[in-house]
Amino acid sequence: MITLRDLVPGDAAAVQRIYSGASVTFTRGHTMTIEEATTYVTTAIAQARATPRERWCFGVTAGDDLLGLIKFRDRGTGHATLSYVLRDDSWGRGYGTAAVQQVIAYAFTTTHLDRLSAKHHPDNPASGRVLAKAGFARTTVFLGRMDGTPVAYPVYEIHRTRGD
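Each residue of the sequence shown is one higher than the last, beginning at 132 in my numbering.
Hints should not be assumed to be uniformly reliable.
Here are the simulated EDC-like cross-link-like pairs (lysine to aspartate or glutamate), alpha carbons at most 20 Å apart as the crow flies [what the hints assert, rightly or not]:
#1 202 with 288
#2 264 with 288
#3 202 with 167
#4 202 with 185
What the hints contain is simulated information worked out from the structure, not anything from laboratory work.
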């Protein structure tokens, strides 16, 4: 179905396409420029080489098609925040759930992390369903802002279980 892989320098155009159209409605709010995409990829590659590593970013691929990104950032004390974005023409096919499940397995077997959390815009309930299908439980609400407007973001968590 899908695989996760590290980003490579040639991914900038695909990253720009991911951060466009409906995919940016609840994230950036505008399409990423090719310069921004190049910087994004360059930064992700550098972060993958950092020691100690604090950020992980993977491309979500179906075959050779880079159709999304999933990342998590170490926030200390065994906790990381997770986010993901998929190209809008790939929605509804289970790619997000599969990517989140793969990142959970990766985080809990190859890093020191014990807990992942994620939030989504309340007008994007599909993202909450992805998290729930992957095993996250809704825990609280984060009061934030988007474009100056107050927003109550549902927050989800998953914890490492014994044996992970």
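Problem set entry | Holds or violated: residue 202 to residue 167, with C-alpha atoms at most 20 Å apart | Holds: residue 202 and residue 167 sit about 17 Å apart, inside 20 Å.
Exercise. Is residue 264 within 20 Å of residue 288, Cα to Cα?
Worked result: Holds: residue 264 and residue 288 sit about 12 Å apart, inside 20 Å.
Exercise. Are the Cα positions of residue 202 and residue 185 separated by 20 Å at most?
Worked result: Given pair residue 202, residue 185 holds - Cα atoms ~11 Å apart, limit 20 Å.
For this session: Mind checking the alpha carbons of residue 202 and residue 288 for me, to see if they're no more than 20 Å apart?
Result: Holds. Residue 202 to residue 288 sits at ~15 Å (cutoff 20 Å).
Violated hints are absent here; each numbered hint is respected by the structure.
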